[in-house]
Amino acid sequence: MNELLTIKNLSKIYHTKQGETKAIDNFSLNINNGDFIAIVGPSGCGKSTILNILANLDNKSDGEIIFNNDIKMGYMLQQDALFNWKTVLDNCLLGLEINKNLTKKNKQYVLDLLNNYGLKDFINSYPNNLSGGMRQRVALIRTLATKPDLLLIDEPFSALDYQTRLAVSDDVYNIIKQENKTAIMVTHDIAEAISMADKIVILSKRPSKIKKIIDIKLSNKSNPINNRKAKEFSYYYDLIWKEIDHV
Amino acid sequence: MFSLEHKNYLKKIRLNNFLIKLFQFLILIVFLIVWQLLSDYKIINPFIFSSPIKVIETIINLHNSGDLYNHILITVWETLISFVLGTLLGILIASIMWWNKFLAKIIDPYLTVLNSLPKVALGPILIIWVGAGMQSIIVMALLISTIITIINVYQGFISIDPIKIKLMQTFKATKTQIYFKLILPGTISNIISCFKVNISMSLIGVIMGEFLVSKEGIGYLIMYGSQVFNLDLVITGTIVLCIVAAVMYSLVLYIEKKLIKNYIE
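Protein chains in written order, with the numbering used here: chain L, 76 to 322; chain F, 5 to 269.
Treat the hints with care, since some could be wrong.
Pairs of lysine-lysine, DSS-like flavour, derived with a Cα cap of 25 Å [what the hints assert, rightly or not]:
id: 1; chain 1: L; residue 1: 147; chain 2: F; residue 2: 185
id: 2; chain 1: L; residue 1: 147; chain 2: F; residue 2: 176
id: 3; chain 1: F; residue 1: 105; chain 2: L; residue 2: 92
id: 4; chain 1: L; residue 1: 147; chain 2: F; residue 2: 168
id: 5; chain 1: L; residue 1: 179; chain 2: F; residue 2: 185
Among the chain F residues that face chain L by a calculated CB cut under 7 Å, a handful are [unchecked claim]:
id: 6; residue: 166
id: 7; residue: 167
id: 8; residue: 173
id: 9; residue: 174
id: 10; residue: 177
id: 11; residue: 193
Bear in mind the hints are in silico, worked out from the structure with no lab data behind them.
Think of the CB as a built atom: it goes at the ideal place given N, C-alpha and C, for glycine as much as any other residue.
Whole structure, please, built from the sequences with the hints as guidance.
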């Protein structure tokens, strides 16, 4: 497997009037093409900060991020953030529009994604007419439209109810695998991490250090809902549960 | 097609709406009749309180001399100019403030003071600085409408969901792109609802201005009437103003409905 990017000794310090807080301490990770990595940790430990730094929305305080050639990043946020004055299609074309890359070919790619992933009849609808799960799929397609090499996923299901959450994580997982994308997902849901990721990075509470990296090897690995039935599932669950700091 | 229950339900709604309209109309008619009777039987002084018939006579006189339409047109024209300029200027300044948060923080206390200052107090200065003419009237109306527009529109700009701005940044959008693709379209309903406030504000400003300086317009008509102690003229002017205000307001309401309908689905 070829390496996509390497993070070396990343640290982040936040400054406020009251003083400085170390959010991330000495975070190192290799990401290979095709990986699905989940980062778990107690809430407020700075998991999302790592994604923000990777996406260049926040500055690192120290450390190195080495990209193997020019990779494009796509970010899927905690909320779908769809614009309610744009149709589903126009929402999905937003990234291409901003990058002035709205060619016929790219538009067709987005249309194909919408058709393939169950949004065919909603291409010209407005987001208000969509269910929570559909909105999340639109948000993913909006991210995929710019053809990113690496997907950064920040607790994308946290706003959904449990039923929808299971179904949408299944959808999102299948789309990511079918489109052959590499992904880093931040979550606080251990079960979700085990059912989706190949590798789980466990962070400590603030300042976040890597406590352990676990490779997930499930027998009969398929989609997330089925993966939850694998016999190793509870073993991993216990392992991770014990590692996570409970505050 | 509908069940009987549904038909009754619809009937009830229609009846209710009809009754509301009926009472609205009745209040007006009763008011006019009582006013006329009180004046006819000299219970109120007809010289000071006028009467509906005298108002109609005054309107007919003004109509015959051709003055009425000139006064109305002048006031409407001044109001429209102030409305358009005030709205554009307000949006422009709010945009500059959004663009430069540092500047926004600096001018914040000045805006607050200007907003709470009764603008009519600036009238005498305006006459000297700008001159006793239509310019003063428009500047007065602009002072009133622009500041409230700046505050309302800016409030709309900064209440855009931060996650949407973050989304734009993940696509590496420039500030111009964030403004035109998110901030402006995202606040369009705020801006449109500002129109309603602004048309009233502009009219208030124009009438205030006309009280102070003008030689034409409805404000002038009312002021002139009071100076020559022609109360028929004062009350006629006020009633004409009511009608003009109502017509302009419903026009803006109509435009707002059209715009919102076209914009959001």
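For each hint, the structure was consulted:
Between residue 147 of chain L and residue 185 of chain F, the direct Cα distance comes to roughly 22 Å. Compliance with the 25 Å bound is thereby established for this hinted pair. Taking the CA atoms of residue 147 of chain L and residue 176 of chain F, the gap is near 11 Å; set against the 25 Å cutoff, the hint holds. Proximity of residue 105 of chain F to residue 92 of chain L is assessed by CA-CA distance (about 19 Å); at most 25 Å being required, the pair is judged to hold. With a C-alpha separation of about 20 Å, the suggested pair residue 147 of chain L and residue 168 of chain F falls inside the 25 Å cut-off, and the hint holds.
Between residue 179 of chain L and residue 185 of chain F the CA atoms are separated by roughly 21 Å; this keeps the pair inside 25 Å, and the hint holds. Using the Cβ-Cβ criterion of 7 Å, the hint placing residue 166 of chain F at the interface with chain L is not satisfied: the shortest such distance is roughly 10 Å. For residue 167 of chain F, the shortest C-beta to C-beta distance to chain L is roughly 5 Å, which falls under 7 Å, so the interface hint holds. Checking residue 173 of chain F against chain L: minimum C-beta separation of about 6 Å stays under 7 Å; hint holds.
Hint on residue 174 of chain F holds. Least Cβ distance to chain L is approximately 4 Å, under the 7 Å limit. Among the interface hints, the one on residue 177 of chain F holds; its C-beta lies about 5 Å from the nearest C-beta in chain L, closer than the 7 Å criterion. Here the hint on residue 193 of chain F is broken, as its CB sits about 9 Å from the closest CB of chain L, past 7 Å.
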